[in-house]
Amino acid sequence: MSQVTSAKETITYREAVREAIREALRTDPRAFIMGEDVGHYGGCFAVTRGLLEEFGSERVRDTPLCESAFVGAGIGAALGGMRPIVEIMTVNFSLLALDQIMNSAATLCHMSGGQFSVPLVIRMATGGGKQLAAQHSHSLEGWYAHIPGIVVAAPGTIDDARWMLAAALERLDPVLIFENQTLYNQKGCLSDSPQRDLAHAAVRRTGRNATAVTYGASLGKTLEAAELLQAAGIELEVVDLRVLRPLDDATIMQSVAKTHRVLIVDEGWRSGGLSAEISARIMEQAFYELDAPVARLCAAEVPLPYAKHLEEAALPQVDSIVAAVRKLVGADG
Amino acid sequence: MSQVTSAKETITYREAVREAIREALRTDPRAFIMGEDVGHYGGCFAVTRGLLEEFGSERVRDTPLCESAFVGAGIGAALGGMRPIVEIMTVNFSLLALDQIMNSAATLCHMSGGQFSVPLVIRMATGGGKQLAAQHSHSLEGWYAHIPGIVVAAPGTIDDARWMLAAALERLDPVLIFENQTLYNQKGCLSDSPQRDLAHAAVRRTGRNATAVTYGASLGKTLEAAELLQAAGIELEVVDLRVLRPLDDATIMQSVAKTHRVLIVDEGWRSGGLSAEISARIMEQAFYELDAPVARLCAAEVPLPYAKHLEEAALPQVDSIVAAVRKLVGADG
Amino acid sequence: MSFPPGVWTRERARRGLWQLLRIRRFEEKCVELYQAAKIRGFLHVYIGEEAVATGVIEQLQSADAIVATYREHGHALVRGVSAGAIMAEMYGKQEGCARGRGGSMHLFDRATRFYGGNAIVGGGLPLAIGLALADKMQQRPGVTACFFGEGAAAEGEFHESLNLAALWKLPVLFVCENNLYAMGTAIRDELASQSVAPKAAAFGIAHAAVDGMDLVAVDEVARRAVEHVRRGEPFLLECRTYRFRAHSMFDAELYRTKSEVESWKARDPIELFTARMQNEGILTPVDREEVEQKVAAEVESAVGFAERGTWEALEDLPRFVYAEAESP
Amino acid sequence: MSFPPGVWTRERARRGLWQLLRIRRFEEKCVELYQAAKIRGFLHVYIGEEAVATGVIEQLQSADAIVATYREHGHALVRGVSAGAIMAEMYGKQEGCARGRGGSMHLFDRATRFYGGNAIVGGGLPLAIGLALADKMQQRPGVTACFFGEGAAAEGEFHESLNLAALWKLPVLFVCENNLYAMGTAIRDELASQSVAPKAAAFGIAHAAVDGMDLVAVDEVARRAVEHVRRGEPFLLECRTYRFRAHSMFDAELYRTKSEVESWKARDPIELFTARMQNEGILTPVDREEVEQKVAAEVESAVGFAERGTWEALEDLPRFVYAEAESP
Ligand SMILES: Cc1ncc(C[n+]2csc(CCOP(=O)(O)OP(=O)(O)O)c2C)c(N)n1
Ligand SMILES: Cc1ncc(C[n+]2csc(CCOP(=O)(O)OP(=O)(O)O)c2C)c(N)n1
Ligand SMILES: [Mg+2]
Ligand SMILES: [Mg+2]
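Protein chains in written order, with the working numbering: chain A, 187 to 519; chain B, 187 to 519; chain C, 70 to 397; chain D, 70 to 397.
Quick caveat, the hints were computed from the structure, so don't treat them as lab data.
Each hint should be verified, as a subset may be incorrect.
Claimed, not checked - Lysine-lysine pairs mimicking DSSO-like chemistry, simulated, CA-CA at most 27 Å apart: (1) A:K494 <-> D:K98; (2) C:K107 <-> B:K316; (3) A:K316 <-> A:K373.
Isolated chain A, as found in the complex:
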């Protein structure tokens, strides 16, 4: 297991998450990680590889298959003074634990009149693009962001993969962290100024002509699209939401006030997704700034199919982002 701490080495998103977990386990005796195959297998996406050897099976705890019980056990352990990091393999399986998440984790603080809090982190992989079909590919993080009482984070960069967990563990509330499966192999450098921030969106690229609001796996695609658009003389500002609940309205509205045109790129399904919320907030808070209706580019409303060409067509891609921005700024006619 290589030690990756220098800011200047290239590391993968996977390694960044692993370092974050390792740091938590090293620095906080209350922290432990549990989930299916986090130990002996090394994590279904190899995120936790090596941690069992370093921290032992109490703190890197393999669970049987029982999402509801081990998420609930995470809630209970948090109530009992621990700082559990629960890993659910992928978001589709988290539905088995949704009762615990919504009816317990998200409500206990309020229901108890503030006596109890649930400092629990739940990490899970999300998203399509790996041909894993309709029971392993959905992007439900935006949907989770509907639930009061939880915080929802979606690290889209190596830095956020590295530092958001620490910020999450500092909170006393349940924080869900969604790691897009297509990002694990992404390589990059850690920046010199770690941002342990769980409150703000980030402008990843500035531009004058239009704003793209996005997060997670679409961030990279959108930045690529911005590059292509630049060549065509269209300057796209790219806002990375980072945190899906609570949303950082100020950063979004600032960008709207600057560009007056907005495209939301979201790998979740369109109807009732996070993209709708952002559009609605812009409607409410920046209606008179708009030069054109806010546009959305989302996943097709289908259970994601296996076949590569169908799956690709179902998700936002660089070319469809380019096309949507061009349409938004009226570059096509």
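Mind docking chains B, C and D with the ligands on chain A? Use the hints.
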């Protein structure tokens, strides 16, 4: 058990649902109902009272507490040629079955390339207003409307309570019917022209000055508000969505084109709720018709509290609807 | 059940009777107050089952934890949550043990490690697993007692939680309150096998079934069960009991006969215990009278406390959705 | 396992061998094609476990139903889903048995009542309950066979489904493929009790455990189990087996030793069965050779079929989200 079939008698919403179930059991030998306490207890909201005696315990089937398994069994029975009506006591408990609903019911048709379909109806109570606190009161129907592969219906009138089930049973897709718990005691007459429609929104009141888009329990409150507003010279058009997935855009946009001002009233939480989707669609389809930004009046983003005054404050009420409309039309200065 | 010598001193017997009566009289008052519309929402009373909470919780120490269901007034009372705070909670007052946000189904009390008040059937079981895991990982000697009905034993979380408790050797006392019905569904329609305790065997978990109407019996078996758990292994205790009243305030009781109910009332845990203690010469009719008076005063004072309570300000509605301060 | 006379005619033995080999050779080809990037997504092979699907499914009739997991190529093949349609599915072609929408984990076939291909562990169990309920309510004599791993036995749905099957006396054959691991988690870390069959006892469900590497044994026990189910009661059959390959194509196999794998390979179900049948004089080396050739031809033809397949048009992406026509 009184026979309620004449259109002119007054019946309750509860009785209307019961009649709908009875009709299904009488006319289709494949239909049966199952769920917790639908039989001997008579249904937790007394909806199914008397049906066990009439149809026997095979077709009015009490289940143990096991939401995931009995919803999954409904899916399997539908695959096997039956027409199950599954009752989940309230929407909060449906989270225990969400894996079956999203990962199986909603995907099987697509995943099997159209070979299988799941003609299943799932009914459940939804909504707050009865001081049942944070594990029995939420309005998640709009959230469910995010899921491709299912149909979501929310009968807000006695007629719809009576006739939507038949329309649902005619479909080969999973249909979720959400009955707001505060409506069961509502009384009214059945209209002469039963509408077995599962595709259209309905304009429940016409008006020139603004449109309120709503459904379910807020429908009555909104109509009351319209009455009050009328007295103040403000004509509110009231659109009852009826079906939350798929949404009937045409009816909404027609009303927008007429009034140019829209308030969405939704007892679901605001962020990422159905209200956002409607606002976003109006943004996309009727932006240039708008004289003011679309406004939303939703549930406060809290797990619903027990105390009456707190719960009331957390939900849209007649006076808050009136105030929101007045603000929308600029009646307050 | 044999009568172990020395266990039931007069003091202890008075205390046992006191706990039983506190629950009974408190809940009788709740029903009255429900009819007077002072209490709303769902109200599930425990009348008939008092010996279970009393017999089990009296074995616990202050560092132990409790997870209960929506039928938990009795558990909260025996545990030492103040009757006034419970009543105020049901009134929806700010002085309630959940500041009026929980109501009857969601009593909470940090001071006594009373973790609710869970109204999702079976939902408390995983929480208990986690609480016990936290105790174990922090080398604290605590026991977590988790109460649930036989109806909950059909839920998958029951199975998942037992498996985790056994695999991880967690100090959880599972207390199944088998009152033969889940709402209106009789146990024969709920569970393929009609007793719950043997289900623990499938996980290698120690277990016992006991007459839940008999405080002496529950007390004895629960003591041994708690000792077992304190040594670091789970235990499942099934208490066979019966609820004398309707499931909630919205129950026409179509599913059982009056005579069945009456036959169980003949084994009222309070009368059983009183008679037994009087027969053994441990208590006298005067003890009963005195305890009744003490209890009546406590209930009256709880109602007074609730009546005098205040309403949480509306602007505080959004509080506690997220934590306000570092917890200890 | 005694060798019941007359069961294994030459014809039947050749057929058994043929089914075993079809799975083995088909999946060996799949692995090759995965490495060649013709197949993508998750691919879970059944190599080592072939005697289970073969031994069980050969007992079923055409009106029976099957629910399987993501490790289901073998089950689909034995059931009679065409190898070409399965391979085309893994290629993502329109001619695939799920029109390319499912891939390896989601094989479906209406004609043979093959209900998937479920990739939520435990998720198929309730479906099987419902299919069996539908058969029972419609007075059809069908058996529903539901396959799942020992890992699934930790999920709550296992418990819930067994309870329903027992309560409602449903014709479900639960087949637990106990291959000792759930991905990389060994059974001792998954289940408090290391055998699955006795869990059925907690529900009063008839059960048996069998050596899943021995086709003769599985065949015999499965026949009796299916007869039992056809009389209208559930049965749980645990097959002790082992997967020779990695869990999926993304598995470094850190959790088990090479020597453990080798020791199981010494009990390869195909070699065991071949040797046994040859020892008994039922089959000859020539039989094996001929069957191998037949199988090789089938696999080759399946690949050809998949290669020649076509891509679903992009505009058909939204199809089948909702049903297109009345189902029979
Ligand atoms: C998951 C879930 N399903 C259904 C309900 C509705 N419900 C409340 S209590 C109850 C019966 C529970 O029976 P049991 O566990 O035996 O407890 P008892 O009420 O008899 O004490 C039901 C069905 C619920 N609260 N939670
Ligand atoms: C609900 C759920 N949780 C986790 C997974 C990821 N996963 C896929 S297979 C598997 C192991 C299952 O083990 P077992 O049931 O024994 O079947 P086997 O793979 O050994 O045949 C896991 C954890 C999943 N698909 N579904
Ligand atoms: Mg009960
Ligand atoms: Mg396995």
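Restraint status (C-alpha distance of K494 (chain A) to K98 (chain D) at most 27 Å): holds, 20 Å
Holds or violated: K107 (chain C) to K316 (chain B), with C-alpha atoms at most 27 Å apart: holds, 14 Å
Would the hint linking K316 (chain A) and K373 (chain A) be met if the CA-CA limit is 27 Å? holds, 18 Å
Violation of the numbered hints given earlier is absent; every hint is satisfied by the structure.
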